Each structure stands twice: as C-alpha cells, then as structure tokens.
Amino acid sequence: MGHSEGLHRRSAGLAGWSELAGRRDGLRGAAGLEMRAMAVEFPVVHGHPNRLPFEGVLTLVDVASDKAPSGAKGHRVVLTRAAAEAALPSLLGMAVDYKAGWDGHDARQKCGIITAAELDGQKLMVAGYLFARDFPEMEAKIQGSGATSNLMGMSYELADAHVADMRAQVWTLTRATFTGAAILLREKAAYRSTSFRVKRPASVGRRVAVAR
Amino acid sequence: MELEMKDELGSTVERLAAAAGLLEQAVERLAQRQNDFAMDAEASIGRIVATVERQREAELEEKLAAAEAQIAELKAAAASVPAEVTHGRKTLPVSMANLLAKQGVTVDTMEAGAVDAALVSLSVEQRIAVKAQLMRSGLLA
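If you read the protein sequences in the order shown, they are chains A and B. The first sequence begins at 1 in the working numbering and counts up one residue at a time. The second sequence begins at 213 in the working numbering and counts up one residue at a time.
No more than 30 Å apart at the CA atoms, straight line, and that leaves these computed lysine-lysine pairs for BS3-like:
#1 A:K73 - B:K275
#2 A:K188 - A:K73
#3 A:K99 - B:K275
#4 A:K188 - A:K141
#5 B:K287 - B:K343
#6 B:K275 - A:K188
#7 A:K188 - A:K99
#8 B:K314 - B:K287
#9 A:K188 - A:K110
Just so you know, these hints were derived from the structure itself, not from any lab. What you are looking at is a predicted structure, and each value in this text was computed from that prediction instead of being measured.
From just these sequences and the hints, can you work out the full model?
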C-alpha cells in the first residue's frame, strides 16, 4: 500500500482549496516506472462525520483476470494499460457501492465516491471517501475484517468496452468507460489481487499537514 | 455485312454489360463478407463487471446437481435389484437384470432353453437384445 498511501496523500494534499478542479500528473520515478495520476480536488473539512477516506487497488492492467467477469460471456479479460489510462478521467466522481453479502455490485447502494486514480505499474489505484455516517454497518464490516486480514477487494464496472477480438480465449479490452466500482470480498472479484482499506480521518489530517 | 457486324457488336456489348453486372455483385458480396468478418472480430460490450460470473457458476451448479441426482437414482435402481438376480455379477446391466427378473429368470439358473422359454412373451427384437447382452456378459454361451 505504499504507493496508494502516496496517492491518497496527493489527493488529500490537493484538498483545501475552495474550488473543485481536475489535475493530471505524469510522474517518472528513479527506476523509470511511469505513473499516471488524476484527482478531483476537494476542500478539506476537518472532522467531517460522513467522509471516511479509503484507498484500494481497483484492478490490474495488462494482466488477465483470474476469473471471467460478469458480462464477458465466460472469457477472462485483459484491460490494457492504454485503455485504463485513457479511461482514468471517467473513473473520477464515480461511486463505490456494495451489496449485501459482499459478493457483487449494487449500483443503487452507492456508499462512497472516487476522487483520485493512479496507474502504478500494473496496479490501478483509487482513493476517495466513504459515506461513513450513512452506512455505519459498512465501516464496521470493513474495519472488522478487511484492514487486518485483507479479505476485502474491489471490482470495476465498465461500459462500452471494446474487445479487440471476440474469438480470442482471453478478451483484450482496448477501450472502455468506468461507470463505477464496488467493495466486495476478494474471492468474489474477477481479479484476486485487488484490495481495499479505509483510513482513519485523524491520519488524513496529519498527512495533509505533511503534504503542505 | 455491316448489319452482321453491328449485331455481333451489340451482342458483345450485352455480354460485357452482363459480366460487369456480375463483377459488381461479386464486389458487393466481398465487401459485405469483409464487413461481417470485421464485425465478428471486433465488438463493443455494453457492460462488464469485474466480479465472478455468478450466472455461469449457477448454471454449472445446476448441472452438477442434476448429475448427482441421476447418479443417486441409478444407485437406488441398482440397489433395488435382488441379489439372486445378479448373483453378484455386475457385468449385466441393471435394466436387463430387471427384465429377466420380471420373466422369472435368475442368473444362477440360466440355461439356453430356460431363457428361450422365459422370453417367449417378448418380441423378437427384445429377445435378440436380451440374448446378445447375456452373451456379452458371459452368462450365455
């Protein structure tokens, strides 16, 4: 979670300004690893009772899914890096949801919002806020099981995904639009390497101070 | 002479026009085929959700349950056949053993003459099938 902490730090660090603005960064690390990031800047509201920061690995790019996603007609899929990078803007402002049983999506049970996204190597990292006061049972579940045992993962929802070759055994998605994400048990995700965790608000405040 | 040449030229022009028409049709068909091929190779999917395909799993579970039920049914049918009918031999299909049992034939008392007498009420095809199965099972020489 080292990189994701950085993602959230940047996201939180950008907050505090009165207007909402988009920002896109291309960062090249010492090892030549290129990172693409994008965030929506939110004003800081200290002690906000309904904002619980989260971060997670939404999916992997250029890697075949472990299982066939729903809607892919039994095919495993590969989301190309180029497609994911092009789709980053569509991810910001989309909601995260959860379903009773933690085994899928319930698009009408939106419990948070994605405010930052970053491609870090093969990981598509996201960060944002959960509506903690509106969904107290969610925080209890995630804090109780996910933070320490890494049970929780994430799942994306795509629309208008372009498949390079429908006859291929593994579908390659060359273009897509993100329409949402879900928090669920990792074993229910098509990508088993996803992750999800909440961050205590107190630590965000500390990180904002460091970022400034 | 001139009239003949004109007629010949006219028919040649007609043939050329017909050939051109056929070529146009062929080009249209080729273009359509290429378009179909492209459509088949590339496509847009309306919605993909990165959760495990539950519908497919459900279908597989249904098939597994049906297969398990069928196995249980077959086991139950096999258990219902009296031991004196099969005499511990498992090479004879259960359905055949049941058929023989209905005709009053048990495996341990089987003789060619007895079988013929017992199966007299069956049709010729059924008698042939029963005897062939008995021979395959090694119960009838």
